[in-house]
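Each chain, letter by letter, is given below.
Number of protein chains: 2
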Amino acid sequence: MTAEEAFRYLQRGAIEIVPEEEFRAKLESGRRLTVKLGADPTRPDLHLGHAVVLRKMRQFQELGHKVVLIIGDFTGMIGDPSGKSKTRPPLTLEETRANAKSYVEQAGKILITEDADRFALRYNSEWLEPLSFKDVIFMASQLTVAQMLEREDFKARYQQNVPIRLHEFLYPLAQAYDSVAIGADVEMGGSDQRFNLLVGREIQRAYGQPPQVAFLMPLLVGLDGREKMSKSLDNYIGVAEPPETMFKKLMRVPDAVLPEYFELLTDLEADEVAALQEKGGPVGAHRVLARLITGAYALPRIPARIDRAFYEALGYRLEAAGGDKAPGESRYPEATRAVAEAEARYDRVARGGIPEDLPEVGIPEDALKEGRIWVARLFTLAGLTKSNAEAKRLVKDRGLRIDGEPVTDPMLEVTLDRPRVLQRGKDRFVRVRLTVSEPRTG
Amino acid sequence: MTAEEAFRYLQRGAIEIVPEEEFRAKLESGRRLTVKLGADPTRPDLHLGHAVVLRKMRQFQELGHKVVLIIGDFTGMIGDPSGKSKTRPPLTLEETRANAKSYVEQAGKILITEDADRFALRYNSEWLEPLSFKDVIFMASQLTVAQMLEREDFKARYQQNVPIRLHEFLYPLAQAYDSVAIGADVEMGGSDQRFNLLVGREIQRAYGQPPQVAFLMPLLVGLDGREKMSKSLDNYIGVAEPPETMFKKLMRVPDAVLPEYFELLTDLEADEVAALQEKGGPVGAHRVLARLITGAYALPRIPARIDRAFYEALGYRLEAAGGDKAPGESRYPEATRAVAEAEARYDRVARGGIPEDLPEVGIPEDALKEGRIWVARLFTLAGLTKSNAEAKRLVKDRGLRIDGEPVTDPMLEVTLDRPRVLQRGKDRFVRVRLTVSEPRTG
Chain A
2 MTAEEAFRYL QRGAIEIVPE EEFRAKLESG RRLTVKLGAD PTRPDLHLGH
52 AVVLRKMRQF QELGHKVVLI IGDFTGMIGD PSGKSKTRPP LTLEETRANA
102 KSYVEQAGKI LITEDADRFA LRYNSEWLEP LSFKDVIFMA SQLTVAQMLE
152 REDFKARYQQ NVPIRLHEFL YPLAQAYDSV AIGADVEMGG SDQRFNLLVG
202 REIQRAYGQP PQVAFLMPLL VGLDGREKMS KSLDNYIGVA EPPETMFKKL
252 MRVPDAVLPE YFELLTDLEA DEVAALQEKG GPVGAHRVLA RLITGAYALP
302 RIPARIDRAF YEALGYRLEA AGGDKAPGES RYPEATRAVA EAEARYDRVA
352 RGGIPEDLPE VGIPEDALKE GRIWVARLFT LAGLTKSNAE AKRLVKDRGL
402 RIDGEPVTDP MLEVTLDRPR VLQRGKDRFV RVRLTVSEPR TG
Chain B
2 MTAEEAFRYL QRGAIEIVPE EEFRAKLESG RRLTVKLGAD PTRPDLHLGH
52 AVVLRKMRQF QELGHKVVLI IGDFTGMIGD PSGKSKTRPP LTLEETRANA
102 KSYVEQAGKI LITEDADRFA LRYNSEWLEP LSFKDVIFMA SQLTVAQMLE
152 REDFKARYQQ NVPIRLHEFL YPLAQAYDSV AIGADVEMGG SDQRFNLLVG
202 REIQRAYGQP PQVAFLMPLL VGLDGREKMS KSLDNYIGVA EPPETMFKKL
252 MRVPDAVLPE YFELLTDLEA DEVAALQEKG GPVGAHRVLA RLITGAYALP
302 RIPARIDRAF YEALGYRLEA AGGDKAPGES RYPEATRAVA EAEARYDRVA
352 RGGIPEDLPE VGIPEDALKE GRIWVARLFT LAGLTKSNAE AKRLVKDRGL
402 RIDGEPVTDP MLEVTLDRPR VLQRGKDRFV RVRLTVSEPR TG
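Protein chains in written order, with this note's numbering: chain A, 2 to 443; chain B, 2 to 443.
Keep in mind the hints are simulated off the structure, nothing from the lab. Do not rely on the hints blindly, as some may be mistaken.
In this list, chains with the same sequence are indistinguishable; a pair is considered to hold if it fits within one copy or across any two.
[To be verified] Mimicking DSS-like on lysine-lysine, the simulated pairs with C-alpha atoms at most 27 Å apart in a straight line are:
no., residue 1, residue 2
1, K102, K397
2, K387, K135
3, K156, K110
4, K102, K135
5, K232, K110
6, K85, K110
7, K370, K85
8, K156, K85
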């Protein structure tokens with residue numbers, strides 16, 4: 002691959018590379034580049050939002066470059082130094098190390114982590130703890146207060162009189178010094194990291210280093226189609242979730258953001274995605290996405306490229322993307338089996354199909370009046386609703402079914418002369434059956 | 002002296018004591034208090050503006066408390082860490098020590114410096130150099146960005162888009178940590194130090210120390226009657242200036258600020274000052290001030306109280322403050338002699354009297370035309386003006402005299418049939434005398 006080809010390959014999906022010409026020059030140098038990513042040890046759960054950046058780094062690895070993952074344990078172990086907030090207690094050394102281990106395990110689904118030429122894990126306490134007040138003053142002198150207040154989040158907080166504690170202005174310096182410590186050529190981040198990554202350039206320059214290139218990837222929107230994917234908003238797909246969950250969640254991606262998911266999470270060509278959406282409608286495209294991602298993440302490590310070749314290696318044909326099952330032979334039988342099972346379950350649920358192995362609940366005879374029971378009471382006795390009131394509400398939202406049929410009348414009375422299958426939402430089922438009461442004595 | 006008497010004695014002249022009730026409590030404790038003053042080693046020249054604060058500290062010493070003078074060598078040795086300004090090069094260790102020595106020598110005219118129970122000199126590099134990044138983050142977390150931007154000078158610069166480099170926000174933390182290091186009970190400062198002194202309280206609290214009292218003295222206005230006294234504005238009276246200069250400058254204090262000078266630089270009672278101004282007019286009051294201060298600073302160390310008793314000890318009577326010479330016997334003969342000489346010289350000059358020992362300049366015959374020379378040319382040849390243009394300008398301002406008479410006509414032509422005394426301003430004199438040119442040959 003020429004430097005220009007490498008540039009085009011890596012540029013795909015990037016939102017911004019600052020500055021592009023320096024990035025080209027670094028690629029042309031033929032050197033093994035040091036590509037930095039900072040990881041927050043207080044949030045060790047990786048989701049597909051993280052995967053956007055990690056997949057790009059994997060591509061750097063495929064080209065022979067070296068990824069350095071920096072665990073920000075220095076600030077993690079400080080917690081909230083002002084002691085004003087109880088919500089962010091400092092991590093112990095053990096917690097930090099355990100979280101880092103978990104982070105690396107998950108990242109290892111995407112990154113090559115076992116080859117020292119292509120991966121290193123570093124803890125920034127190694128170089129930040131020895132820094133002195135004088136070093137901090139030197140770094141701080143490179144920036145102005147006005148610059149700091151131009152960072153979007155600081156600007157908003159300052160304008161809205163939400164206190165910014167002064168040490169928060171120092172954290173970008175810590176991150177920037179990480180770049181100095183490892184001599185970063187490129188720092189990767191989501192687009193919300195733009196400011197911090199550019200501070201890295203300033204600080205490297207101040208220490209006489211060639212400045213890093215800020216490589217910015219877009220933020221993946223969550224399943225709500227609005228907010229950035231995050232665990233706290235519960236709009237995420239975890240990289241380590243079971244295939245079944247992953248498949249189901251991917252089928253829920255809003256149509257409007259589906260092209261974004263393809264672009265950021267797969268390597269299908271834009272025209273292939275467009276054709277999919279045109280030909281098969283969104284459901285067809287959804288299914289291809291769900292198979293690709295579920296298949297990729299069912300492997301111990303995702304392939305470097307999640308593209309047509311990988312789709313076919315799973316045994317599918319891209320032309321038949323309307324929802325057909327895998328017709329061909331798979332080169333990844335385990336992944337294909339995981340996808341097939343997840344897809345089959347999804348289809349059963351989506352088509353109102355009833356799973357085979359249902360929990361059963363007995364309804365005592367005397368809960369019925371003249372052979373009938375109020376639908377709300379029935380769902381509550383079955384444990385699918387917490388109260389009759391909740392059941393009534395769910396009926397209004399068409400959220401309850403009996404034997405596959407939606408309940409529409411909240412005052413419906415049901416007979417139990419045969420077992421019935423109660424269903425809440427798409428995937429909660431219970432089979433109910435009448436139980437004969439013991440005759441009462443005395 | 003009771004604690005209440007001490008409070009009233011020390012409170013005199015203070016602009017603010019924050020908080021007053023804590024200060025009372027500290028005095029009531031009966032402990033020897035640690036009274037801190039920070040000194041800037043880059044500006045070792047002390048003037049009467051500094052004396053306002055130093056005199057107050059001397060009063061603490063007289064009551065048995067201990068003054069700790071902190072030389073801010075830590076920041077002095079950093080200079081401008083951004084390297085953006087060439088005007089503030091870092092001081093070497095030697096320069097810092099030399100400046101500190103000079104500072105202490107001058108301060109020793111006011112403070113008791115030789116008694117370890119009442120004075121200590123410390124360099125803040127001792128405790129600031131070992132501070133780590135973590136310590137800085139801890140301190141910074143105690144303050145918000147908004148608080149910093151409320152400091153008057155920062156606020157103005159931010160609003161006017163004059164860059165504030167981020168490290169400037171860290172300097173108040175350094176100063177605050179000085180208070181922690183020495184366990185300050187009281188920190189003294191000019192009113193422009195209010196913010197920094199209160200930051201000291203916050204940081205002491207964060208380290209579990211009882212917070213210091215911020216003891217704020219007014220800023221002495223300079224001889225221009227407008228700006229704070231400072232060397233760079235050339236509106237100052239140095240504590241080490243010769244008596245003659247000091248006396249002359251004190252006689253120039255604008256009437257409007259004379260009561261302020263009495264209040265901040267002497268211990269005369271307010272009614273005594275009022276009587277002086279009423280009875281003797283401003284000149285009488287000026288003369289008392291000039292004698293008091295010139296006399297006090299002519300001593301190796303000023304007295305603890307510069308009051309009526311001291312004035313009388315110099316041999317003057319306060320009632321006779323209209324300009325009479327010392328009639329009585331002096332308990333400080335050297336000081337009295339210094340004042341008397343300075344005053345005599347001042348009077349000679351002020352009354353247009355011409356000093357005895359004048360420099361002489363010869364004016365060559367051929368500089369004259371028909372026995373006369375243009376006044377502007379004459380002053381320039383005599384070296385009292387830089388150019389004819391300057392001389393013309395000074396004539397307009399009535400700034401030039403010949404034989405004690407003001408020159409009013411800028412085109413005046415002067416004869417030199419006898420030696421003339423040229424005078425610029427109040428105190429620059431030259432005697433000019435015609436010199437006969439050598440006959441020109443060839």
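To see whether the hints hold, each was checked on the structure:
1. K102 x K397: Cα proximity of K102 and K397: none, with 46 Å in one copy and 85 Å across.
2. K387 x K135: Neither. Shortest intra-copy (59 Å) and inter-copy (48 Å) distances fail the 27 Å Cα cut-off.
3. K156 x K110: Answer is neither: 37 Å inside a copy and 50 Å across each miss the 27 Å cutoff.
4. K102 x K135: Classified as between: cross-chain Cα gap 24 Å, same-chain 33 Å, threshold 27 Å.
5. K232 x K110: Within one copy, since 19 Å is at most 27 Å while 68 Å is not.
6. K85 x K110: neither (38 Å within a copy, 47 Å between copies)
7. K370 x K85: Neither: 57 Å inside a chain and 87 Å across chains, both beyond 27 Å.
8. K156 x K85: Answer is both: 22 Å inside a copy and 26 Å across each meet the 27 Å cutoff.
When held up to the earlier numbered hints, the structure conflicts with 1, 2, 3, 6, 7 and fits the remainder.
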